[in-house]
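**Student:** Listed below, chain by chain, are the residues.
Number of protein chains: 2
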Amino acid sequence: MKDFTFQNPVRVHFGQLSCDRLVEELKQYGNRVLMTYGGGSIKKIGLYDKVVNALRDAGMELYELPGIEPNPRVDSVRRGAALCKEHGIDVLLSVGGGSTLDCTKWIAASACVEHDAWDFFDYEKWSPVERALPIVDILTLSATGSEMDSGGVISNPASSDKRGRLSPLLFPKVSFLDPSLTYSVSSYQTACGSADILSHLMEVYFSTGDTMYMLDTFIEGMMRTVVRYAPVAMREPENYEARANLMWTSSWAINGLVGADKPQAWSCHPMEHELSAVYDITHGLGLAILSPRWLTYCMSDATLPKMAQFGRNVFGTSADLPVREQALSAIDALSHFLFDTLGLTSTLSALHIDDTHFASMAAKAVLPYAGNLPGFKPLTAADVEAIYRMCL
Amino acid sequence: MKDFTFQNPVRVHFGQLSCDRLVEELKQYGNRVLMTYGGGSIKKIGLYDKVVNALRDAGMELYELPGIEPNPRVDSVRRGAALCKEHGIDVLLSVGGGSTLDCTKWIAASACVEHDAWDFFDYEKWSPVERALPIVDILTLSATGSEMDSGGVISNPASSDKRGRLSPLLFPKVSFLDPSLTYSVSSYQTACGSADILSHLMEVYFSTGDTMYMLDTFIEGMMRTVVRYAPVAMREPENYEARANLMWTSSWAINGLVGADKPQAWSCHPMEHELSAVYDITHGLGLAILSPRWLTYCMSDATLPKMAQFGRNVFGTSADLPVREQALSAIDALSHFLFDTLGLTSTLSALHIDDTHFASMAAKAVLPYAGNLPGFKPLTAADVEAIYRMCL
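Protein chains in written order, with this note's numbering: chain A, 1 to 392; chain B, 1 to 392.
If you are wondering where the hints come from, they were derived from the structure by calculation, not from laboratory data.
Built from N, CA and C at the ideal position, the CB exists for glycine as well.
One should not assume that every hint holds.
Unchecked claim - Incomplete in silico selection of chain B near chain A, CB under 7 Å:
| hint | residue |
| --- | --- |
| 1 | Asp-3 |
| 2 | Thr-5 |
| 3 | Phe-6 |
| 4 | Gln-7 |
| 5 | Pro-9 |
| 6 | Val-12 |
| 7 | His-13 |
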């Protein structure tokens, strides 16, 4: 296991949303708030009115940036940063899922610089993050873990790029996690969010190096939590226990703890970012389609034992088989969970995606890694293209 | 499950101790350091020289408080606070186990007030913690979890009191966790530390209310980690994997995460504090003797299912028995682990403790709870006395 530094400063209020506490937390940073949100689902569930009224009653000056996209675009970051500068915003309030929050994080950084927002993601410029406005969020979707991490992923449709980046300045100051705010999340989005959580866990779990047993028990526990509760939340959308377990798991899957001792070489996320950059598909769906094929492609003497362990400890597959058969059972169990239990589309063809862009997408996926994506099995552009083809 | 707030601001550097980083972290707070430590084991392992040389080379002004006791006494807190005031100390550096760190935390608070240190623990005064000096620590024992929590326990021999208290100001700023610094911990102290970790987990795990499945998987994973690695560390003291797993488990067992959704009504710790206050026995040993008896005393229709779950998920006991038999198997497995595998003394009589003080100790244990210790099974003074007797 490798040495690491762990610190996660986010204050999380878990449970019923208290508007008094929200106002109190925001007021630490000032009076001028930019509230960011997406397509309006927060209006349907009454959350918009509740928050706006609470802030107005408290005498806060409220500005709004609506319409943040599911794969948030750099144009939204630019619009948000312009609003912050124009109105001298003190604190950002993200109300929504991970896309809204990711966008808000980069608004927080972009509001403090003169250069264009994309300069943070341009590989040649890679402008440093030296300041950021404080961020408070109210989460309405369990998926990305953005509520407890320091990164955000932004798309640039002009260049078909989708890129993520971390900075300790981008941790939210405070995250409000109220599981009941996810009651209205559709069965399909619950499935996609759950696939996203599972993928975050798989990206760090599948490592060929020595890992810390204790952290592996946490990962396997969270994987079992997703396997246990995602179907419950899909079937009974107002099941608090299921929504709470998915929500807290989404945060701990990717807040720096469980991957700290591991190389942190992610594979499916870079591959998926190219898919959703070109086709604008739901991130979790893309990850679900890729994951079992990626594991199949990674099968080798070095990787089989961890796959077998995954099957036994997450899906309860039999230990009484040779390790190769155990690994195959594990991949079968994963596919069954994603495509049968969660009911997610299992192929790219079914999404009307063909191989037209596979070569260029594969080249882009490995670009930041000098052509060789490290990971459970290191992948060249040819490997990535082969995995895309397995998904057809 | 109950609503909760979670925030843990401690920065942990896990792995090989870097003196450069230590100096860098300390210098954030100033140049005048009070280094606190215990009986000198840090000199035997060369850690004292290494740290002192690094700080002197960096031009820092170093003061020392040696001799902090295993059950740290309020007199040590007073001596430390006086040194801080006398020398205008900027930052405290605790080098040792949880006792040294607990004492250091209360030195940090006492250095900022004019009143006596015990006023923080006197039930009638209960002086507020409004300021504290910053604390950095280098941990040399995996047990109390003080490196990632906000509390400390102090003994007052004059009144045979041993009391703990929390304050968010008492989180260490930075904890250095180097598993190799625990290589020299004796087999006996490794056993006692492991029993302490296991007890922290049991105190929150055993709850009759609804708990969050995901957090229970973390607790069970940490319990399995202790059961797996404590015997390895006792047998092979320089096994890094074992020492690392125990060390990170000690931190996460009691840093606010896994008990957040539960009532946090502890039972064995209040009972043990009376034992070690009167007889100055090792805290982990006292907990080991108490725990199986406490569970046996708690057996009821309401508590049996969680005990059975504990047996199945931690010790792999059979699920094919009635729940009462499963619970008994779980308690047997726990006793076997503590007294046979770890080799800890199993009775108070063997420590030459008789029932002379049981009545007054029991009365004191329930005193802060108005005579009724809440918990897995609420306990009156008579219940506590009965449990002490079961330990003879």
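**Student:** Work down the list of hints and note, for each, if the structure agrees.
**Tutor:** Tested hints:
Among the interface hints, the one on Asp-3 of chain B holds; its C-beta lies about 3 Å from the nearest C-beta in chain A, closer than the 7 Å criterion. Because the beta carbon of Thr-5 of chain B sits about 5 Å from the nearest beta carbon in chain A, less than 7 Å, this interface hint is met. For Phe-6 of chain B, the shortest C-beta to C-beta distance to chain A is roughly 5 Å, which falls under 7 Å, so the interface hint holds. The restraint placing Gln-7 of chain B at the interface with chain A holds, with a minimum CB-CB distance near 4 Å, inside the 7 Å limit.
Taken as an interface hint, Pro-9 of chain B checks out: its beta carbon lies about 5 Å from the nearest beta carbon of chain A, inside 7 Å. A least Cβ separation of about 5 Å between Val-12 of chain B and chain A falls short of the 7 Å threshold, and the interface hint therefore holds. A least Cβ separation of about 5 Å between His-13 of chain B and chain A falls short of the 7 Å threshold, and the interface hint therefore holds.
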